[in-house]
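Heads up: the protein sequence lines correspond to chains A and B, in order.
Mapping of the first sequence onto the working numbering: position 295 corresponds to residue 295, and the numbering continues sequentially without gaps.
Residues are numbered in the working numbering as their position in the second sequence, beginning at 1, plus a constant of 333.
Just so you know, these hints were derived from the structure itself, not from any lab.
In this text, a Cβ means the ideal position worked out from N, Cα and C, and glycines have one as well.
You can trust all of the hints, since none of them are fake.
Selected chain A positions facing chain B (Cβ under 7 Å, derived; list incomplete): (1) Thr135; (2) Asp149; (3) Asn190; (4) Glu191; (5) Leu218; (6) Ile231; (7) Phe238; (8) Glu240; (9) Ile242; (10) Val246; (11) Met249; (12) Ile250; (13) Glu253; (14) Leu266.
Dumping the calculated DSSO-like pairs for lysine-lysine here, alpha-carbon to alpha-carbon at most 30 Å: (15) Lys469(B) with Lys260(A); (16) Lys320(A) with Lys31(A); (17) Lys269(A) with Lys601(B); (18) Lys593(B) with Lys268(A).
Number of protein chains: 2
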Amino acid sequence: MAIRVAVDAMGGDQAPTVIVEGAVRAAQSSKGRLQVQLCGPETVVQPVLESFGAVSGIEVVHAPEVIGMGDSPVAAVRTKPNSSIHVGLRRHKESRADAFLSAGNTGAIAAASLFVLGRLPGVFRPSITTFYPTTKGACTILDVGSNMDSRPEHLQQFAKMGSAYARIMMDIAHPRIALLSVGEEQAKGNELVRSTHELLLNDIDLNFIGNVEGRDILHQKADVIVCDGFIGNVILKFGESIMTAVPEMIQQEMDQLKAKPSEVALLKKALSRLARRFDPENYGGGGPLLGVEGEVFILHGSTTAGAVEECIKTAAQAAKANLTNAIQKALAP
Amino acid sequence: MAIRVAVDAMGGDQAPTVIVEGAVRAAQSSKGRLQVQLCGPETVVQPVLESFGAVSGIEVVHAPEVIGMGDSPVAAVRTKPNSSIHVGLRRHKESRADAFLSAGNTGAIAAASLFVLGRLPGVFRPSITTFYPTTKGACTILDVGSNMDSRPEHLQQFAKMGSAYARIMMDIAHPRIALLSVGEEQAKGNELVRSTHELLLNDIDLNFIGNVEGRDILHQKADVIVCDGFIGNVILKFGESIMTAVPEMIQQEMDQLKAKPSEVALLKKALSRLARRFDPENYGGGGPLLGVEGEVFILHGSTTAGAVEECIKTAAQAAKANLTNAIQKALAP
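So here's chain A without its partners, still in its complex pose (with noise of 0.2 Å):
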């Protein structure tokens, strides 16, 4: 049987149009394996579908409302029970969808999620997590933002469940976790990592290596890295600036020294294989919500029709693992 993901066809800068031919792309390379659910106003949705002509394995779920990115998360969620984010987490919740994905308002998926799907049981607070590009692949970092005021058994199960995540998901068998701190002896850091880094090194279900430093991000010294959400956003934000801000000061010097046309197009050309590698789309278009009953995935708002194919294939894997049950499992006291 097909596996269903319903996608929040309306949530992203480039809604519903980059979401749609994500959704075409994926429909159309699965062969039959996967079904997806566009949720969104019919009369918008639609009509964007038909452009790409006839399509199998993919319908259109009408949702009449639309949660903006500006919106305060908790009053959408309340005000707006018809959103598209909502219709896709009911069909979740109902059963006649097997996951769920948005590239919209990130509080508004995190907060609706909670209130249709609820949290598997213990868990303290769902995680928001996030891959990141490093000279040797790519680390799994959360939570980057659903909590900004985290405690120490906060950050232990955002480890569990990283951990889970990696295993389930990336196939690593013992993923290495560390913890996000100012230097690696374990009395360095704030209250929170301090405290937290006694609870991690007692926890005997995970592979836990101490704790790594801003520095080792890039160079991937762990498969999972734990902190509170204030600042993995803070550093989630200033990594996606690197690809901005670096190839512009790399083309400063370029023309300071007088570089031909021909070696700025090369470097160019390196520089934007790099950014790709920067891009989503190569590790699985977005990131789990970790935490909640079912399987939710987030998109960058400014998400590519590849980065959204890519995830909803991700989500199907996830569905068809039962990475949500797993998660369960590693939260199991």
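Take the given structure of chain A and dock chain B to it, following the hints.
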């Protein structure tokens, strides 16, 4: 009269050679306007100094003890009262030097500064300040590591001190002050940031422009960015890794593109120029420890002779401009 700068000759990975070389350069180029005091064990420092031939405007001040990079700051400050750091700070305290700088153990410099010089009246916590290269120059960030668990009043003082520093030392009449957060809106961020935002908004002495995000640092949306020391340190070290990881990644792409040796050579040249932009040598050589009763500058442990030379000049400039006095005025209620 010459400005007298006491220098910890034993601080940093390549001490004393690199430190002495930087000091010699500063003394030579100052043409009598500077007098450098190299603090460290006479038998170690004197021969290195002599290896540079006869240099005027420089002398060795004997300090028999050395604090290592791995020493516990608090313990070292108590058990090594005659370290090169202590001796240099005491020269400053006794007005036999107008400023002090070190590339040694940051925690020990901060702790010894508090112990020997004391804090300025009303200062909650001194703050380590650094400069960050951007597409448009450099921005000032504080705190980057001296305070792991800060309160809103601490961050407000960092803002005031950073603003005074940018005004006095960087010649910016009305420095744009921003708070590092996860969104521009006042309601975004953790509890610390939300409360600090409120304080900064109501502080008429500051040109507070609101929150900035991680992605705004490299694009210089503000002149001074305020954050707590934990996140500042993570960001600082993450930023340092850009210049090791990104060139490696670009090289990987150039190899894939089968770039010619001449093209690779040009790129390497551009990257090494860019790396120089990330070199502290270009923005004062080191950053001040703001909030103590004196002019104290801290250099990176891997400092170069050029950065030491620059930092000596910067410290002399701070002494001449009476930076500490300006900071004190900025903090006055």
